[in-house]
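We have chain P; now place chain V onto it with these hints.
Residue numbers (the working numbering), protein chains in the order written: chain P, 1 to 666; chain V, 1 to 318.
Heads up, a few of these hints could be off.
Okay, the calculated bits of chain P under chain V, using three or more residues with CB under 8 Å as the criterion [as the list claims (entries may be wrong)]:
| id | region |
| --- | --- |
| 1 | 451-462 |
| 2 | 499-509 |
| 3 | 558-570 |
FYI, nobody ran anything at the bench for these hints, they're computed from the structure. All values reported here derive from a predicted model rather than from experimental measurement. Think of the CB as a built atom: it goes at the ideal place given N, C-alpha and C, for glycine as much as any other residue.
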Amino acid sequence: MIAVALWSVAALLALAPAGVVLSARPRGSFILYGGCLIATSTLCVTALSDLLYFPYLTPTATLPIGLPWLGAHFRLDALSAFFLVVVNLGGAAASLFALGYGQHEDSPGRVLPFYPAYLAAMNVVVLANDAFSFLVAWEFMSLTSWAMVVSHHREAENVRAGYVYLLMASFGTLALLLAFGLLASRAGYDFDAIRASHPSAALAGMVVILVLLGAGSKAGLVPLHAWLPLAHPAAPSHVSGLMSGVMTKVAVYGFVRIVFDLLPEPVWWWSVVVLLVGGPTATLGVLYALMQRDIKRVLAYSTIENIGIIFTGLGLALAFKAQGLDWVAALAFTAALLHVFNHALFKSLLFFGAGAVLEVTGERDMEKLGGLIHRMPKTAFAVLVGCVAISALPPFNGFVSEWLTFQAILLSPQLPNWGLKLIIPAVGGLLALAAAFAAACFVKLYGISFLGRPRSDVAASAHETDRFSLAAMFALAALCLVAGILPGLFIDALAPVSKAMVGNVMPHQTGLEWLTIVPIAESRSSYNGLLVFLFAALSGMAAASAIHRLASDRLRRAPAWDCGYPDPSPAIQYSASSFSQPIRRVFGSVILAAREIGEMPPPLSPAPARLTVDMRDLIWDALYAPIAKVISVATERINTLQFLTIRRYLTLVFAALVVLLLVVAL
Amino acid sequence: MTTLRDILSQGVQMCLVLLLAPLLTGFVRKVKARLLRRRGPPLMQPYRDLIRLMRKDVVLADNASWLFRVIPYLMFAGTWVAASLVPTFGNGLLFSWSADLIAIIALLGSARFFQALAGMDVGTAFGGIGSSREVMIASLAEPAMLITVFSVAMIAGSTQLSNVAEFMGSDAVGLRVSLGMAFVALTIVALAENARIPVDNPATHLELTMVHEAMVLEYSGRHLALIDLSSQLKLLLYVSLIACVFLPWGTAAADAGVVRLGLGALLYLGKLVVLGFLLAVFETSIAKMRVFRIPEFLGAALMLALLATLLRFVSGSL
Numbered sequence: 001m002i003a004v005a006l007w008s009v010a011a012l013l014a015l016a017p018a019g020v021v022l023s024a025r026p027r028g029s030f031i032l033y034g035g036c037l038i039a040t041s042t043l044c045v046t047a048l049s050d051l052l053y054f055p056y057l058t059p060t061a062t063l064p065i066g067l068p069w070l071g072a073h074f075r076l077d078a079l080s081a082f083f084l085v086v087v088n089l090g091g092a093a094a095s096l097f098a099l100g101y102g103q104h105e106d107s108p109g110r111v112l113p114f115y116p117a118y119l120a121a122m123n124v125v126v127l128a129n130d131a132f133s134f135l136v137a138w139e140f141m142s143l144t145s146w147a148m149v150v151s152h153h154r155e156a157e158n159v160r161a162g163y164v165y166l167l168m169a170s171f172g173t174l175a176l177l178l179a180f181g182l183l184a185s186r187a188g189y190d191f192d193a194i195r196a197s198h199p200s201a202a203l204a205g206m207v208v209i210l211v212l213l214g215a216g217s218k219a220g221l222v223p224l225h226a227w228l229p230l231a232h233p234a235a236p237s238h239v240s241g242l243m244s245g246v247m248t249k250v251a252v253y254g255f256v257r258i259v260f261d262l263l264p265e266p267v268w269w270w271s272v273v274v275l276l277v278g279g280p281t282a283t284l285g286v287l288y289a290l291m292q293r294d295i296k297r298v299l300a301y302s303t304i305e306n307i308g309i310i311f312t313g314l315g316l317a318l319a320f321k322a323q324g325l326d327w328v329a330a331l332a333f334t335a336a337l338l339h340v341f342n343h344a345l346f347k348s349l350l351f352f353g354a355g356a357v358l359e360v361t362g363e364r365d366m367e368k369l370g371g372l373i374h375r376m377p378k379t380a381f382a383v384l385v386g387c388v389a390i391s392a393l394p395p396f397n398g399f400v401s402e403w404l405t406f407q408a409i410l411l412s413p414q415l416p417n418w419g420l421k422l423i424i425p426a427v428g429g430l431l432a433l434a435a436a437f438a439a440a441c442f443v444k445l446y447g448i449s450f451l452g453r454p455r456s457d458v459a460a461s462a463h464e465t466d467r468f469s470l471a472a473m474f475a476l477a478a479l480c481l482v483a484g485i486l487p488g489l490f491i492d493a494l495a496p497v498s499k500a501m502v503g504n505v506m507p508h509q510t511g512l513e514w515l516t517i518v519p520i521a522e523s524r525s526s527y528n529g530l531l532v533f534l535f536a537a538l539s540g541m542a543a544a545s546a547i548h549r550l551a552s553d554r555l556r557r558a559p560a561w562d563c564g565y566p567d568p569s570p571a572i573q574y575s576a577s578s579f580s581q582p583i584r585r586v587f588g589s590v591i592l593a594a595r596e597i598g599e600m601p602p603p604l605s606p607a608p609a610r611l612t613v614d615m616r617d618l619i620w621d622a623l624y625a626p627i628a629k630v631i632s633v634a635t636e637r638i639n640t641l642q643f644l645t646i647r648r649y650l651t652l653v654f655a656a657l658v659v660l661l662l663v664v665a666l
Numbered sequence: 001m002t003t004l005r006d007i008l009s010q011g012v013q014m015c016l017v018l019l020l021a022p023l024l025t026g027f028v029r030k031v032k033a034r035l036l037r038r039r040g041p042p043l044m045q046p047y048r049d050l051i052r053l054m055r056k057d058v059v060l061a062d063n064a065s066w067l068f069r070v071i072p073y074l075m076f077a078g079t080w081v082a083a084s085l086v087p088t089f090g091n092g093l094l095f096s097w098s099a100d101l102i103a104i105i106a107l108l109g110s111a112r113f114f115q116a117l118a119g120m121d122v123g124t125a126f127g128g129i130g131s132s133r134e135v136m137i138a139s140l141a142e143p144a145m146l147i148t149v150f151s152v153a154m155i156a157g158s159t160q161l162s163n164v165a166e167f168m169g170s171d172a173v174g175l176r177v178s179l180g181m182a183f184v185a186l187t188i189v190a191l192a193e194n195a196r197i198p199v200d201n202p203a204t205h206l207e208l209t210m211v212h213e214a215m216v217l218e219y220s221g222r223h224l225a226l227i228d229l230s231s232q233l234k235l236l237l238y239v240s241l242i243a244c245v246f247l248p249w250g251t252a253a254a255d256a257g258v259v260r261l262g263l264g265a266l267l268y269l270g271k272l273v274v275l276g277f278l279l280a281v282f283e284t285s286i287a288k289m290r291v292f293r294i295p296e297f298l299g300a301a302l303m304l305a306l307l308a309t310l311l312r313f314v315s316g317s318l
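Just chain V, same shape as in the assembly:
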C-alpha cells in the first residue's frame, strides 16, 4: 500500500541523489589533488561550477538542431530517474518496481544514445571522434554490465534492485566466488561508464584520447551544466549500486523507523566516502590507456562476468 511515508522516502531519495552527486565528484577531485600533493579545489566547487554555468548564456553552434538543445534535458531526466531507483539509505523505494536493474541499465543506455547523437549534431570532427569511441566502449561495457547483472540476479533470484539488496544483506548469501568476479567486472564497467582513468580522463580537454569531453565540446551554459550534473549523477549511481549490492550492510529495511533510516543514511555517506577514496587512489595510481587497449580491459570484465554466470549455472553455491 502506498503511504505518505513511502512517497516521502522516495522524494527524499530523489533530492538526496541530486544534492549529493556534485559533492561526490568534488570529494574525489579533492582526494586526487591531495594524493598529488596539490591543495585542490574546495569540496563545494562542483556546485559553484553548476550554478555559474546555469547563469551563463548558451552559445549555440549555428547549425545545431532542435535535438541538440533537447538532449541535455533527456540525458538528465534518464539519469536522474535511474539514480533515484537505486537504493541508497533504505530499501523501501516506492517506485523501485517500476524499473528493475536491467531497465536501469537501459535507461542509462538511452542517455548515452542521445549523448552520442549530440556529439554528431554539429558536424565537427571532435564530436564525431567522441561519439565513435563512446559507442565502441559501450559496445563492450554494456554487455559486461548486463551479464554481471545476470549473475547477481541469478544468485538473488530477482532483478529487482530492492530485493537484490535485501537478499545481499541477509545471511543467505555467504561467500561466493561468482560474486567476487561480478564485483571486479562491475568495478571495471563503472570506471569505463563514468569516463574515469584508465579508460578516459575526466579532467582533460583538448587531447586526442578524450571521449566524453569530445562529445560535449559544443555545449555551453545551462546545457553543459545539465550534462555535467548527469555525469555526476551517473557516478553516484554506480557507486551506490556497488554499495547496495556488495556492501549492503546497514541499508534500512523497507519498514524501518526514522532512527534506522537516519543510521542507514549515515552509513551510506560512509560508504560513499570509502568508495570515493578508493576511486581516487586507483585513478592516481594508474596511467591512462591507449584507446585500443580499452577493449582488452573491458573484455576482461566481460569474461569475468560470463564466468561468474557460468559458475552459477554449474553450482548453486559457488
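Chain P extracted, bound-state conformation:
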C-alpha cells in the first residue's frame, strides 16, 4: 500500500519539471492536470482502501534520502490514511476542475510546475514519519503554494499577499522546528523514537503551545489568520480551493499528529488553550467573512471559521481525554475529523464556483455580479448545494459534524474540572453564533452574486462554464449530500483513527435501523439525515402535486410588484455591504470598530450624498502593526551600518572578534 502511495507521490514530483515544458504547449495544461488527476485518484483510492480494509496495519518505508544517518521514514497508519483521502480527494477534484479552468490561465508557466509539486508536498507531510521529512515537506508545501499565490504578480495586492504569506509561513515553520527540537532533544528525529520517549509535562506543554502556533498559523487560527484571507484568494481558483479546503487540513493533521500521537497523555490546560483559541476563531472568522464583498475573500474568511470549529472539536477531545472520559473524547474527535472531511468538500466546491464565476465574468466583487442563476444555471445549482452545506443545514454534511460537536458539548457537565465547566458552555455559545452568522454570510454570498438582477454588463452577458469544471463541482455537491444523509458510513470509517488517537471509538453506526446515527445512546440523541431528507422531499412533492392537481397550476409572468414602486435600475437592489449593514451595526461597532460616516450636501446643492464605511481589523492593528513598526524602526537604525567607512568596518570586525573570544574564554 505504502509503495503505491510513494510511487504516486514520485509521479507527482516528476510532473513538476514536466510542467515547465508543458506550459509552453497549447494542450500542456490539459496533459499536466490529467496526470495530476490520475496520480491523486490513485492515492485517494489507495488510502481509502487502506482506511476501510487494513486500518490497523501500519506499513512503513525508509528511503535513503534526507539526513544521511536517518534516511526518510514514511508510515501509513489510519490517521495518515484518512488525511491522504482528504488531501487527494481535494487534489483530484481540483485537477478535474482545472482540466477546464486551467485552459484560461494567462501565464501557465507560473502555475503548472508548482501545482504537482504542491500536491506531492502535502502528501509527503501526511506520510512522513520523521521530523526532518515532515518539516522539509511542510516548507516545500508553503513555498510551492506561495509561488502560485504570486502567479498573478502584476497586481500589487497579490504581491503584498505573497509577502505576508511568506513571513507567516516562515514563522509557522520556525515554531514547528522549535517544537520538534524540544521533542528530538531526548529521542532524535524519528517519530517512533519520539513516541517511545516520555517528555516531561513542562516540555510537552511547551511543545503544545509551539505546535498551536506553527500548525495554527498555517490553519488560520485567530490571531495568526492575517495572511490567509490575503493569500488564499490571490491564487488561481483551483489552487485557492486546495489551499483553503486541503492545506489547512494538512495543518490540522500536523496538530493532531504531534499533540494526540507523539506527545504523552494530555493535561487539562492544553484543552483550555485550544478551546480559547478555537471558539473565538469560529465566530470572528465568519463575522469578518460577512463584511467582505469579494467572493473569494468571503470564502477564505469562512475557512477560518471552519478551522475554529475543527479546533474546538479537537480541544473538546483533549479535555475529555485528559479527564479519562475517552468515549466522549472519541465523539468530539470524530466530529472534528468529520468536519475536516466535510469542509474539504464544500469549501473546494465553493471556490470552484467562485472560479467559474471569475472565469466567465472576470469579477470577484459581488457588487458587480447578480442574476447569475439565469445565465449559469448549473454552476448556480452546485454552488447552492455548497452554500446550504457550509451553513450547517440539514440534510447536508455540514450539519452532521456540527451536530456531533454540539452533542460532545452537551456532555461536558460530566467534566470534574471547574475551568472547563465554565469555558465549554461559552465556547458552545460562540459556535452557535458562528453557525447563525455562517447562514447569514452564505445567504448574502448567494443572494447577491447569483440572485437578483445583474449589476454590471459582464454579469449580464455571463455564460455557463465548461464541462470539466461542472463535473468537479457536481461530484463534490453529490458527496456533500451523501455524507449528509449517510453519515454513519463516514463515522464508522473514522473509528480506527479515533481508536489510535484517543483510545476509544464511537458506537458502531452502520448496523442501526434506517442508518440512524446515535453518538452515545438512543435515549440521548439520534439523527437520521436519510429519513429527514426523504420526508422533506416526499412532503414537498406531495404538496406540489396536490396543489397542482386540486387547486391551480396556472402561472403568468408580469413585471415585479415591489409594492408598486419597481425601479428598472439594478442599482436599486440591496448590495453586499448594505445586506450586512444591520449585522455590522449590531456586532461590528466594537469588534471591527466599524463606523459609518454619512455626508449630506447642503440643501439645494446637486452634489451627491456619500456614505463611507470604515472598518478595521483590530487584531492587525494591535498585534501585527506594532511588530511591523518595531521591525521597520530597527532595520532603519541598522541600515546605517551599511554606509560606514572601511575603518569602522574593520573596528567592528575586531570588536566582534574580541567579544567572541571573551565569550569562548569565559
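Structure of chain V alone, referenced to chain P:
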C-alpha cells in the same frame, strides 16, 4: 418495534398539525381583535384565505428564477417535517428519533435560509431589506434558541424531544431557576422567529419596519398560500414546543391507550388556547420595537439562555 399504531399515531400527528395551524393563527387574530374591541375575522378565515390563494393564478415576476418557484415547497416541507416531530398530544412519535431538537431547529433554519434567498431573487429593494433584517434577527435568535436547547437538554439528559417531554412530565424535574430562564428565553425567541410584535408585525404591509412580509412581497397565489401555511405551522410548532417542554402535563405516554390519547389531545387543545390567548394579550399590550432595538431584546434572551446553561454547570439542582 414499528406497529400499525405507531404509524397511525405519527400520521395523525402530521395531519393534526397541518389542520390546526391555520386555526391557531385565526384564534390569535380573533382574540387580538376582541381585545381591541373589534369584531375580527371569523376563526375559519385563515382556511378560506389559503383556499382562495391556492385557486388563484400565480403572478410571477419577469426575472424570477426557478429557485423562486421551488422555495415555497422547500419551506413548507422543512417546516412541516419539523412540526410533525414535536410531540403534541402524545409522546410516542414513530419518527421522533430521526431528528432531535437541534435538528428541528436546523430544519427551521433551512426554511429560513431559503426564505431569505427568495427575498433576494427578484432583485427588488423591499425583498433585500427583508432578507437583510431577517438574517440579522436570526443571527441572534438562532444562538439563543440553541443555547436554550442546551440548558433544557442538559437537565433532561437528552436532546431527543420525546425523552425531554417525558422527563419534564416526571417528578424528577422539580422547580429549577435555569428552567425559568430557559422559558423566558424560549418565549422571546418564539416571538422573534414567528415575526410577532414587538419584533415584527404580522399584520402590516407597506411599512419600513416589516421583515417577513417584505421578503414574501413578490409571492402570489399557491406559492403565497404555502408560505403562509409554513408560517402558521411554525407558530404552532413553537407553541407546541413550549407546551411540551414547560407544560408537559397530560401528554400521553408512548404506550398509552386510545382514551388516554384522546385526553392528551383535549389537553393539548386547551394548552393551545391558553398560550394563544397569552400571545394575543402580550401582542396587544406592547408596541412594535425599532429595528435596532431588537438586538437588545434578543440579546437578553441569549444572555438568559447562557445563564441558564451556566447554572446547570455550576449546580446540578438549580
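Outcome of the hint check:
no. : hint    : result
1   : 451-462 : holds (count 3)
2   : 499-509 : violated (count 0)
3   : 558-570 : holds (count 9)
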